[in-house]
Amino acid sequence: MRAFRYHRPADVTEAVALLDAEPEAAYLGGGTNLVDLMKLGVQRPDLLVDVTGLPLDTVEALPHGGLRIGATVRNSDLAADPMVRRDHPLLSRALLAGASGQLRNMATTAGNLLQRTRCVYFQDTGKACNKREPGTGCAARHGQNRDLAILGWSELCVATHPSDLAVALVALDAVVEVHDPGGAREIPLVDLHRTPGEHPERETSLPHGALITGVRIPPLPFARHCTYLKVRDRASFAFAVGSVAAALDLAEDTVRDVRLAYGAVAHRPWRAYRAEEALRGRPFTAELAAQAADAELAAARPLPHNGFKVPLIRNLTVRALTALAGAAPR
Amino acid sequence: MRSGRESGKPADDDRSSRITLTVNGVDHDLTLDNRTTLLDALRERLTLIGSKKGCDHGQCGSCTVRLDGRRVKSCLILAVTLDGRTVVTVEGLAGPADLSPLQAAFVAHDAFQCGYCTPGQLCSARGMLDEVARDWPSAVTEDLTAPVELTDAEVRERMSGNLCRCAAYPHIVAAIRDVAAAR
Chain F
1 MRAFRYHRPA DVTEAVALLD AEPEAAYLGG GTNLVDLMKL GVQRPDLLVD VTGLPLDTVE
61 ALPHGGLRIG ATVRNSDLAA DPMVRRDHPL LSRALLAGAS GQLRNMATTA GNLLQRTRCV
121 YFQDTGKACN KREPGTGCAA RHGQNRDLAI LGWSELCVAT HPSDLAVALV ALDAVVEVHD
181 PGGAREIPLV DLHRTPGEHP ERETSLPHGA LITGVRIPPL PFARHCTYLK VRDRASFAFA
241 VGSVAAALDL AEDTVRDVRL AYGAVAHRPW RAYRAEEALR GRPFTAELAA QAADAELAAA
301 RPLPHNGFKV PLIRNLTVRA LTALAGAAPR
Chain L
1001 MRSGRESGKP ADDDRSSRIT LTVNGVDHDL TLDNRTTLLD ALRERLTLIG SKKGCDHGQC
1061 GSCTVRLDGR RVKSCLILAV TLDGRTVVTV EGLAGPADLS PLQAAFVAHD AFQCGYCTPG
1121 QLCSARGMLD EVARDWPSAV TEDLTAPVEL TDAEVRERMS GNLCRCAAYP HIVAAIRDVA
1181 AAR
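Sequence order for the protein chains is F and L.
Taking the working numbering, the leading residue of the first sequence gets 1, the next gets one more, and so forth.
Taking the working numbering, the leading residue of the second sequence gets 1001, the next gets one more, and so forth.
Simulated from the structure, these hints should not be mistaken for laboratory data.
Being a predicted model, the structure only gives us computed values, none of them experimental.
Check the hints yourself; a few may be wrong.
Stretches of chain F that chain L covers, calculated by requiring three or more beta carbons in the stretch to come under 8 Å of a beta carbon on chain L [as the list claims (entries may be wrong)]: (1) 54-67; (2) 73-82; (3) 85-93; (4) 151-159.
Dumping the calculated EDC-like pairs for lysine to aspartate or glutamate here, alpha-carbon to alpha-carbon at most 16 Å [claimed, not checked]: (5) Lys39/F / Asp1135/L; (6) Lys39/F / Asp1056/L; (7) Lys1053/L / Asp1040/L; (8) Lys39/F / Asp124/F; (9) Lys1053/L / Asp124/F.
C-beta atoms are modelled at their ideal positions from N, C-alpha and C, and glycine is treated no differently.
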């Protein structure tokens, strides 16, 4: 590991100024991903700015059922928050489906969103990776790519985003509060993560030094009527092979509104807008759910080893929505 | 290319830090290379070798300790971040002549074979039982808002961050359920 300097900033302004002045500085949250990547030599910061002491660790109710989550709220605290469990259970379900009890006690909300891909070629400095070292090639493209993307990838990068929480938050139209040297601003979470295109080394739309200070969830009347389905290679403590976050609002048997997002299929959490559009205003049936998934997955381009993800996501979509429709409040 | 700083030479002054850490009730003043993990500080500086380095990547759980009362993986925490904090390791659970209920239950149920993962299992189980007492839900909890009922499935899910290569899992689950039932 490269030796580094360490600093605990007094406030958000100092944190942002420190990173702005140092191109090789990085923010440190729970460290569950960054410290690991530093051990592997994948990330080599010269300065760590520890933001866990900043006063960003509260969960607050917003008017009309919205929610604000501080950037440094630990995953376990967020999942166990009484308000979250009651009014935004999709967040608890997604968080509890990921990592282990110990890691959830450490990992932060913003760190979860900004965690790096678990593509094994990215994590191995002996392998070519355009994300880790632009221009070196992508060993995954023609390597073992079973776990990697089916949607939105480019010839330069087929990595997936590993977060479960981000899939739930993207489904719920979350907004990210960001501080950078220009001041405070907000961006929809769906615009935070990028598809790789020509620049897989740029994973988010944030410039260097921008600090996520919180995440806001707008009111959603049917937020409690939700489910998070995650398929993984073992029953617990594994990243998703594919996942679906869904919330459904039925009026009689007609889909009044729906939120749908997919995980482990792309370089970013994948909001399934096309599927939602195919569902809205129509009488709900399992066939309709399948057609909606097909509409979203029409753009899928499976890699040699992950063609199974297309029917997997289709089946998960049908299972999630039919379960919600069967349990719909009347 | 490896730089001189990576080859084990003493760190530059601005790349090491002085911290105070309370471990098992004792305060320690430590000057540490910023790269030092909590696990390495415990094992190499304080010679508390109960906490084990299994994978060193947060995957096996054998390094689990309690930090300010919460179970964490000490291999992924930089010690420099812990100034003023409180750590309890397996050595702090009880004295050798006075086993804690969890330790006694592990012995009674034969909840280990080689024993390498056991310190992590014990610290994790201790933290997990506190989480259950606070009604924190898990991935297998049916009702997120109801009190937690500690079934085998709940124990297995909540202990999934601790691997046992000897596969003593059934006995570990039994030992933990015994202690939970007595609480």
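Cross-check of the supplied hints:
Judged by the Cβ-Cβ criterion of 8 Å, the region 54-67 of chain F is not covered by chain L as claimed, because only 0 of its residues qualify and three are needed. Given a C-beta distance limit of less than 8 Å, the hint that chain L covers the region 73-82 of chain F holds, as 4 residues qualify and 3 suffice. Counting residues of the region 85-93 of chain F whose beta carbon lies closer than 8 Å to any beta carbon of chain L gives 5, which meets the minimum of three for the stated coverage. Restraint check on the region 151-159 of chain F versus chain L: 0 residues with Cβ-Cβ distances below 8 Å, three needed, restraint violated.
Using a Cα cut-off of 16 Å, the hinted pair Lys39/F and Asp1135/L is violated, with the two alpha carbons roughly 35 Å apart. Distance hint between Lys39/F and Asp1056/L is fulfilled; the C-alpha atoms sit about 9 Å from each other, no more than 16 Å. A hinted pair counts as satisfied when its Cα atoms are at most 16 Å apart, and Lys1053/L with Asp1040/L qualifies at roughly 9 Å. Only pairs whose Cα atoms come within 16 Å are accepted, and Lys39/F paired with Asp124/F is accepted, the gap being roughly 11 Å.
At roughly 21 Å between alpha-carbon atoms, Lys1053/L and Asp124/F are farther apart than 16 Å, so this suggested pair is violated.
Going through the hint list in order, the structure does not satisfy hints 1, 4, 5 and 9.
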